[in-house]
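Chains as they are written, first to last, in the working numbering: chain G, 1 to 257; chain Y, 1 to 253; chain E, 1 to 307.
Incorrect hints may have been included.
Below, simulated DSSO-like cross-link-like pairs (lysine-lysine); rule was C-alpha separation at most 27 angstroms, straight line [stated by the list, open to error]:
no. : chain 1 : residue 1 : chain 2 : residue 2
1   : E       : K215      : E       : K151
2   : E       : K265      : E       : K275
3   : E       : K50       : Y       : K32
4   : E       : K50       : E       : K125
5   : E       : K144      : E       : K215
6   : E       : K215      : Y       : K32
7   : E       : K50       : E       : K265
8   : E       : K296      : Y       : K32
9   : E       : K116      : E       : K183
Read the hints as simulated data drawn from the structure, not as lab findings.
Computed from a prediction, not measured in an experiment: that's the story for all the values here.
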Amino acid sequence: MAVITAGRLENGGAAVRLHNLRRTFDDLVVINRLTLDIRAGEFLAILGPSGCGKSTLLRLIARLVEPTTGTVEVTPADVKFHTAYVFQDAHLLPWRTVLENTVLPLELMGTDTAESAARARAALAEVGLAEAEVRYPAQLSGGMRMRVSLARALVTQPKLLLLDEPFAALDEITRFRLDIRLRELWLERGMTVIFVTHSITEAAFLADRAVVLTRKGGGIKMDRRLALPEIRRNELRASPEFGREMEALLAAMEEES
Amino acid sequence: MRKVLGRVVPAAIPLVVFMVGMEWLVRVGWIKAFLVPPPSAVFNTLLRDWRELFTALAKTSAGALAGFALGTVGGIAIGVFLSSSRAIQRAFYPYAVFFQTVPIIAIAPLLVIWFGYGMRTVVASAFIVSIFPVIANTLSGLLSTDPALRDLFRLYGASNSATLWKLRFPAALPQILTGLRIAGGLAVIGAIVGEFIGGQGLGSVVDVARTQQRTDKVFAAVLLASALGLALFGFINLLSRVLLRRWHASEQD
Amino acid sequence: MSFQRRTFLKLLPATGFLAACSKSSSKIRLALNWKPDPEFGGFYAADFAKHGLDVELLPGGSGTPTVQMIGAGSAEFGIIQADELLLARARGNDVVALYAAFQNCPTAIMAHASRKLETIADLLKSGTLALESGLPFARMLKKKYGFDSVKIVPSPGGDLTTFLNDENFAQQCFLTAEPLQAKRKGVEVKVFPVSDIGYNPYTTVLAVSGELLRKNPELAKNMVTAVREGWRAYLDNPASANQKMHGLNPSMELASFAEIAEAQKPLLETSLLGKMTTERWSTLAAQLLELGDIPKAPPAAECFREL
Numbered sequence: 001m002a003v004i005t006a007g008r009l010e011n012g013g014a015a016v017r018l019h020n021l022r023r024t025f026d027d028l029v030v031i032n033r034l035t036l037d038i039r040a041g042e043f044l045a046i047l048g049p050s051g052c053g054k055s056t057l058l059r060l061i062a063r064l065v066e067p068t069t070g071t072v073e074v075t076p077a078d079v080k081f082h083t084a085y086v087f088q089d090a091h092l093l094p095w096r097t098v099l100e101n102t103v104l105p106l107e108l109m110g111t112d113t114a115e116s117a118a119r120a121r122a123a124l125a126e127v128g129l130a131e132a133e134v135r136y137p138a139q140l141s142g143g144m145r146m147r148v149s150l151a152r153a154l155v156t157q158p159k160l161l162l163l164d165e166p167f168a169a170l171d172e173i174t175r176f177r178l179d180i181r182l183r184e185l186w187l188e189r190g191m192t193v194i195f196v197t198h199s200i201t202e203a204a205f206l207a208d209r210a211v212v213l214t215r216k217g218g219g220i221k222m223d224r225r226l227a228l229p230e231i232r233r234n235e236l237r238a239s240p241e242f243g244r245e246m247e248a249l250l251a252a253m254e255e256e257s
Numbered sequence: 001m002r003k004v005l006g007r008v009v010p011a012a013i014p015l016v017v018f019m020v021g022m023e024w025l026v027r028v029g030w031i032k033a034f035l036v037p038p039p040s041a042v043f044n045t046l047l048r049d050w051r052e053l054f055t056a057l058a059k060t061s062a063g064a065l066a067g068f069a070l071g072t073v074g075g076i077a078i079g080v081f082l083s084s085s086r087a088i089q090r091a092f093y094p095y096a097v098f099f100q101t102v103p104i105i106a107i108a109p110l111l112v113i114w115f116g117y118g119m120r121t122v123v124a125s126a127f128i129v130s131i132f133p134v135i136a137n138t139l140s141g142l143l144s145t146d147p148a149l150r151d152l153f154r155l156y157g158a159s160n161s162a163t164l165w166k167l168r169f170p171a172a173l174p175q176i177l178t179g180l181r182i183a184g185g186l187a188v189i190g191a192i193v194g195e196f197i198g199g200q201g202l203g204s205v206v207d208v209a210r211t212q213q214r215t216d217k218v219f220a221a222v223l224l225a226s227a228l229g230l231a232l233f234g235f236i237n238l239l240s241r242v243l244l245r246r247w248h249a250s251e252q253d
Numbered sequence: 001m002s003f004q005r006r007t008f009l010k011l012l013p014a015t016g017f018l019a020a021c022s023k024s025s026s027k028i029r030l031a032l033n034w035k036p037d038p039e040f041g042g043f044y045a046a047d048f049a050k051h052g053l054d055v056e057l058l059p060g061g062s063g064t065p066t067v068q069m070i071g072a073g074s075a076e077f078g079i080i081q082a083d084e085l086l087l088a089r090a091r092g093n094d095v096v097a098l099y100a101a102f103q104n105c106p107t108a109i110m111a112h113a114s115r116k117l118e119t120i121a122d123l124l125k126s127g128t129l130a131l132e133s134g135l136p137f138a139r140m141l142k143k144k145y146g147f148d149s150v151k152i153v154p155s156p157g158g159d160l161t162t163f164l165n166d167e168n169f170a171q172q173c174f175l176t177a178e179p180l181q182a183k184r185k186g187v188e189v190k191v192f193p194v195s196d197i198g199y200n201p202y203t204t205v206l207a208v209s210g211e212l213l214r215k216n217p218e219l220a221k222n223m224v225t226a227v228r229e230g231w232r233a234y235l236d237n238p239a240s241a242n243q244k245m246h247g248l249n250p251s252m253e254l255a256s257f258a259e260i261a262e263a264q265k266p267l268l269e270t271s272l273l274g275k276m277t278t279e280r281w282s283t284l285a286a287q288l289l290e291l292g293d294i295p296k297a298p299p300a301a302e303c304f305r306e307l
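Full structure from sequences and hints, please.
Structure (structure tokens):
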């Protein structure tokens, strides 16, 4: 069981409460009566087959789309700049340098230029891109671009970090590296992380808790606390406890696919 | 140097072949010189009447450039305005299309009545003819912003103005430049048409030479007008290179 | 020339092939240099079929290049002005005149009567003048009087709007057309015929390519005969041809057709309709030579043919 130690909560995470959430697009019911409580500081993985509404759920939490009925409650309430979102593609502004891209959220918030630059540099350092500051996205590899996207997400010290299959387009080694780094960052900062994926391996490696959605209508098939250590390294992937969690998740996924 | 030659020579070869061919065809009488002048006659005229022709070129350039500049500014402004909402688009876009469809030859006499003989009519004509591609491409570019990036801006509570100037407009720049490329050549055509009626520049040279059956002079003037269009096109390409060099696929080797 | 012609024509029946050619049944195109109006009355009144000719009249407009069309072969015959022919020949375009409808050139400059101008010289002292500045008559005017005090702008090509709205605006016109139109719109005008400065080319001239003339002189002769008869018919009674032309050019009222047909009579009537003289052609050539529009003056005999 992951332990949330006292020291980390000073930055703190947001708690998210979904109650009877329903979202339709014309006649199509994408999410149907979903209720879920996410604790502050939790690392939650949302798993499910394609088309099960994972991305929609994430966008509902981010308030990018409004629910048809039901509620999304985020505590603390004013989280406009405390929610960050990482997309499947890095989605950087190609006409801006790495630094200028990272600084963007602070720029939009109206933060002082000098301070923004300093914070952006710090964020880039955390993802290992300190030397790439003046490069343009076109000059970076896919993995590097995703790191910039991550740095951009972290620069506002978010209480809620939402990621929608961010590493899906990357090669496995880069993926493993970023998985480890993401987990480290979560441990350092204590924010709430909600990570959408269709990879059982990734969900098991990253999260404390995994929710498997049903194939249709976004209901919850399984909600499981993962019995895995706090610090995760690649060796874990070969361990028996990992295998056990994987099996459970796999079983749930298989039934829904 | 070699790089420049490498670009210029392949383009120049068909031209040289064509000109030699034309010269020969006229000299052996297959093509009548009074219908299509041989290249040698055109060049002779360029040299002999250079003062008149280049003064005319300067005038046409001024008119075309002014019309083009106004068309660029106006076109981008209208494009931005139209992109602000669906309702506005539906209400006003059809009128913008009017710029595209109005036959300039038919309304040129009206232009003279409104703007008088001279430069104002020329500029007005160049403006009317060149503005639509700028409007259409600006609008298209502004409407095709990456939805994920729009979400990102929304997430951070960016104002409409911030989203426009920091995201949508830079993203639309490649497309706007495409619009400018098209508009440049059209501005030259518009200027010449305006000059037929308004009476100056290369358009006037063509009109007068025509009544004198001086096809060599007509061709010489047309050649200069094409050169002007080409220069404008080249300038926009240069601009595109400078603006997009670092980040857009179209300018990367 | 005449004797040679008669000999040649006598030989024609002996060559059946040529005889067949002379009664060609293919379509003959006659390109007009303006929209159908009374200046072409005789062509529309002509009975071409009677002379075994299948003629199609091609209406023109502003800038129709009739003399080039003849040279390029896109029309067998065309209507041009005498000075155009001389320019064409100087450029290597072998065109020959056959019939001159207007014995006197109707080109004129018109100005608002309210300006109380006496002569062309007065007109050139102020205001704006719209004309086709490349044409010989314009260059002659410039040479004789200078354009320093007047603003020269392109001719509006039949559109009277600017003239009607601006008292100081004068423009090139056809004696028989624009002045009457202006009067109808309530503006009294004073006209200054270009012939007053001594420039009087034959106008609305039927021309043919030298090549066609040599290949098929019989055709050309029949054409001229038909045209001459047509003009006689039109001068005596323009009504039916006017009706036909009005149908093709409905923007001009039928009443205008009648008015103009009457007004243009003095410029057309002569002992032999459409006749041309060596003297007139030589004079014109000399004028163009002096203006520098042609490098040398061709002999009149090359320029026109009496058939």
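Quick rundown of the hints versus the structure:
Proximity of K215(E) to K151(E) is assessed by CA-CA distance (about 49 angstroms); at most 27 angstroms being required, the pair is judged violated. Note on K265(E) and K275(E): the hinted pairing holds, with a Cα-Cα distance of about 15 angstroms set against a maximum of 27 angstroms. With a C-alpha separation of about 35 angstroms, the suggested pair K50(E) and K32(Y) falls outside the 27 angstroms cut-off, and the hint is violated. This hinted pair does not check out: K50(E) and K125(E) have alpha carbons roughly 54 angstroms apart, beyond 27 angstroms.
Of the supplied pair hints, the one linking K144(E) and K215(E) is violated, its CA atoms being roughly 43 angstroms apart against a limit of 27 angstroms. For the given pair, K215(E) sits about 19 angstroms from K32(Y) by alpha-carbon distance, which is consistent with the 27 angstroms threshold. About 25 angstroms separates the Cα atoms of K50(E) and K265(E), which keeps this hinted pair within 27 angstroms; it holds. Only pairs whose Cα atoms come within 27 angstroms are accepted, and K296(E) paired with K32(Y) is accepted, the gap being roughly 20 angstroms.
Proximity of K116(E) to K183(E) is assessed by CA-CA distance (about 16 angstroms); at most 27 angstroms being required, the pair is judged to hold.
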